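Student: Input sequences plus hints: build the corresponding full structure.
Protein chains: 2
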Amino acid sequence: MTLTGQSLVAGQWLGQGEHGEFHAFSPAQNTPLATRFFNIGAVELTAAVNAAQDAFLEYRKTTYAQRADFLDCIATHILALGDNLLEQTQLETNLPFARLQGERMRTVNQLKAFANALRENPESPLGLKLVDEADPTRAPMAKPHTELNYLPLGPVAVFGASNFPYAFSTLGGDTAAALAAGCPVIVKNHTAHPGTGELMARAVLAAIKECAMPLGVFAMVQSKAYDISHQLVAAPQIKAVGFTGSFNVASMLQDTIAKREEPIPFYGELGSINPQIILPNKASKEAKGIAQSLCQSMLMGNGQFCTSPGLWLVPTGCDELETEVADNICRSVSDTLLTPGIVNTFKHQINQRVELADVSLLGKGMLEQDFHANAHVFACSADSYLTTPQLHEEVFGPAALIVRYDSEQQLMMVINQLEGQLTASIHGTDNDLTQAEPIIEALQYKVGRLIKNQMPTGVEVCGSMNHGGPFPSSTDIRSTSVGTNAMLRFMRPICYQA
Amino acid sequence: MTLTGQSLVAGQWLGQGEHGEFHAFSPAQNTPLATRFFNIGAVELTAAVNAAQDAFLEYRKTTYAQRADFLDCIATHILALGDNLLEQTQLETNLPFARLQGERMRTVNQLKAFANALRENPESPLGLKLVDEADPTRAPMAKPHTELNYLPLGPVAVFGASNFPYAFSTLGGDTAAALAAGCPVIVKNHTAHPGTGELMARAVLAAIKECAMPLGVFAMVQSKAYDISHQLVAAPQIKAVGFTGSFNVASMLQDTIAKREEPIPFYGELGSINPQIILPNKASKEAKGIAQSLCQSMLMGNGQFCTSPGLWLVPTGCDELETEVADNICRSVSDTLLTPGIVNTFKHQINQRVELADVSLLGKGMLEQDFHANAHVFACSADSYLTTPQLHEEVFGPAALIVRYDSEQQLMMVINQLEGQLTASIHGTDNDLTQAEPIIEALQYKVGRLIKNQMPTGVEVCGSMNHGGPFPSSTDIRSTSVGTNAMLRFMRPICYQA
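Residue numbers (my numbering), protein chains in the order written: chain A, 1 to 498; chain B, 1001 to 1498.
It is worth saying that the hints were derived from the structure and are not from the lab. Treat the numbers as computed from the prediction; the structure is a model and nothing was measured. Cβ atoms here follow ideal geometry from the backbone N, Cα and C, with glycine treated the same way. There may be inaccurate statements among the hints.
[To be verified] Computed spacing ranges between beta-carbons, pair by pair:
| id | chain 1 | residue 1 | chain 2 | residue 2 | range |
| --- | --- | --- | --- | --- | --- |
| 1 | B | Glu-1133 | A | Pro-236 | 41 to 47 Å |
| 2 | A | Asp-370 | B | Ala-1498 | 41 to 47 Å |
| 3 | B | Asn-1116 | A | Pro-236 | 38 to 44 Å |
| 4 | A | Lys-143 | B | Gln-1369 | 35 to 41 Å |
| 5 | B | Thr-1323 | A | Lys-259 | 44 to 50 Å |
| 6 | B | Glu-1018 | A | Lys-259 | 37 to 43 Å |
| 7 | A | Pro-236 | B | Ala-1065 | 45 to 51 Å |
| 8 | B | Thr-1063 | A | Asn-116 | 34 to 40 Å |
| 9 | A | Ser-251 | B | Gly-1289 | 54 to 60 Å |
| 10 | B | Pro-1389 | A | Thr-2 | 49 to 55 Å |
| 11 | B | Val-1131 | A | Ser-407 | 31 to 37 Å |
| 12 | B | Pro-1122 | A | Ala-258 | 36 to 42 Å |
| 13 | A | Lys-143 | B | Pro-1236 | 39 to 45 Å |
Tutor: Okay, structure coming up:
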């Protein structure tokens, strides 16, 4: 499928390279790909923002049923891209075909879930409308009729993730939620999979035309220049920002957003080490099973899931568990990561850990190619963990740290020192869990999702899901990026009084 | 009732003047009051913050029923202060006794409304819990059991308003909502009514003891030094800020908050001119009635309500309406405003308007004392309004501006140029309202509450209320400061998965 390398602005494909260009990269071949992608210019970005604002005046008037049809239509056009989409994404990410098929289905289902939610409650988001009836006889003042409903915020800027090229990217959760809410979207496409972004934008454009939506309701801009991102979030017409990516990029965008005259929500999803707490009885009774599950969950997507378990809290002396971990890790085979930059950072962090005196390397996987990342599991005592801030950092890729605790008290100290996390799991027998109630009480204040006896990878798309957690895992703890409640992050209440 | 002039920190009354002192002011006498209030020091404020964090570890575990009892108990102790409270507040604010009685009742009812909401839904705030059942048979992956609920954010800083010494101040909406949510509160008391704040703090302390709540769950600090406010919102333990006050103070606090490592919600309620749109048929058929209602609403509390109607959009040529307005305003009697600073600003703004070439003074009230503020109503054409940004500013006090529009198109231009507002009202006959549908559609995006044929003053405390609006009327459009939904501003979602 021929790619233009251009940006989609108000239904037009723009960009000829006058503002520079970039190439995608093949992680599998460790070489740049041939297609040129053209940086969008400041003038064209302004046009996209203006078109989004114009489109908002129309799009906000659409009925929930019309929006639902539009979302379904986008889903249909994603599927109509067929294997071309999967092949392009595999080229750009080296993620396995089956994984990409699964993620595409999840992305399509996400659009449909919002569509269904809109149809089920055609008068207010998720049926949240509240009415208080008038009482003209009330003394000393008559009671008015008041009705609480929700309005879309306005045009939304979305920054896609590298690690989920479908589900958290161009047409991922934030885009689907914003369109469901009645907000136009401008996506700054991730430069690691620009071709995927272009194909996805084609799917939306086809749906826009089929559903006769305003052309400015969706734009996709390509650029490797940071100033474009900052121009986008600084634009007065933009009323919210969705972001999935690194802490550093998020901080820079947040600084720009803080300088705006009008404060707007910034929904940044950053990083998380997703602690796994193995309680004593579980650790001794199911040592092998737990060890295998931990390794399997961590190795999923070569450790590049936002919910990848990076910290395993295990009672001191669980030799069987640790041996099984070491065996599993040593048998694991290396693979590429999403970008060469991610591989470099991973290797740098691994080397740092190797050099730490109080940390031992429990096992590492086979390294098949120099440009691959192979799995590493380290281990240290809780005392070392508590006194070594470097060990609290996320290592993005196939790595985990076993922290051995001697007592419930020491476990509590580690939990109290944790930064905010997307998720944590607590693995225990019924007895364990009863005894660990104070641990669980404390742990819930550190996470957005608290899991019992399950691995954190695999985020269910449903009404009761919450994806997002205390800072620094998210920049706004009050909102989920997954599940139908996510549309509320792009809406706000209004009271109608009569 | 003897006042200590001190701050309440972890159950102790602190401060002897070692960090400076200040006096309250009698607006009625135009002189400072005798009682000395002692600025709290940085060390004592840190103690309050630490005590709030310690208290959070206990308070967050209380059941909803326990919190409800605590709120009811606070309400009881407010009433137990008796007329002493009303007298102290009248001394400090010169608000009429009957008005203060009403506001006290509203404040007490607000606490009880949260208490009732907690009792009605003892398992999740306002019954928002969502459950998705497990499905172990689902292919390819078993579906987990997930349950969405809400946790309190942590210690909250509250900055009270000058204009509602009860309902939006020490024990006002934000404090009640935060305590209902499970969050300890540190109130920076408003320096215009410090004695009122001290009495209110006594009521909470009595309730804390009676209900055996942790002492750090509520602190009230007195200070005229700005750095104390900044220290408070910068403290890492503080997880949200509620503020009612001026744009300038809010901007400074927002800057400090933006420098925090962890972003936190800042719920600032700033200013609003609350536009009143009088449609043609209504203006001609009910000229006198509308004019009287507008004047009455604007004069309420001498123009110091946050929902005071400051901009009246009236069809050109409504002589009867304008004459009636002029008559009402000219008959009105001056009174003090809440502080000498507010009087000065008011007079300065009035003088600026008087000097504008395109603006005429329709009428002004009698000025009984030099230090009073008397009502002023100005008038200008829509063209002048559109081209004179100075006229878009809020004048806090008894002032309004009539803007005469020639056509629906011109009315739409004015609405499109409006900044965000807490409220707007549209006054029309059924015919008017049908014809004005595009106006109403546009207007709702400018306001937090859209009112038909009623005045904006008087905010109903109920589940479907929304108080807060687009910037600059509020700094966070996603949340209400009035009504039971307000407790959600101090909570955040969590998913429990098993």
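Student: Give a verdict on every hint.
Tutor: Taking the hints in turn, this is what the structure says about them:
1. Here the CB-CB span from B/Glu-1133 to A/Pro-236 is close to 45 Å, well matched to the stated 41 to 47 Å.
2. Between A/Asp-370 and B/Ala-1498 the beta carbon distance is about 43 Å. The supplied range of 41 to 47 Å therefore holds.
3. At roughly 42 Å, the beta carbons of B/Asn-1116 and A/Pro-236 sit within the given window of 38 to 44 Å.
4. Checked against the hint of 35 to 41 Å, the C-beta distance between A/Lys-143 and B/Gln-1369 comes to roughly 38 Å, which is consistent with it.
5. For B/Thr-1323 paired with A/Lys-259, a C-beta distance near 48 Å keeps the hint of 44 to 50 Å intact.
6. Roughly 38 Å separates the CB atoms of B/Glu-1018 and A/Lys-259, a value that falls within the hinted 37 to 43 Å.
7. Taking the beta carbon of each, A/Pro-236 and B/Ala-1065 are about 47 Å apart, inside 45 to 51 Å as hinted.
8. Range check, B/Thr-1063 to A/Asn-116: about 36 Å between beta-carbon atoms, so the 34 to 40 Å window is met.
9. At about 56 Å, the beta-carbon gap between A/Ser-251 and B/Gly-1289 stays in the expected band of 54 to 60 Å.
10. Against the hinted window of 49 to 55 Å, the Cβ-Cβ separation of B/Pro-1389 and A/Thr-2 comes to about 51 Å, which satisfies the hint.
11. The supplied range of 31 to 37 Å is met by B/Val-1131 and A/Ser-407, whose beta-carbon atoms lie about 35 Å from each other.
12. Checked against the hint of 36 to 42 Å, the pair B/Pro-1122 and A/Ala-258 passes, with Cβ atoms roughly 39 Å apart.
13. With their beta carbons about 43 Å apart, A/Lys-143 and B/Pro-1236 fall inside the hinted range of 39 to 45 Å.
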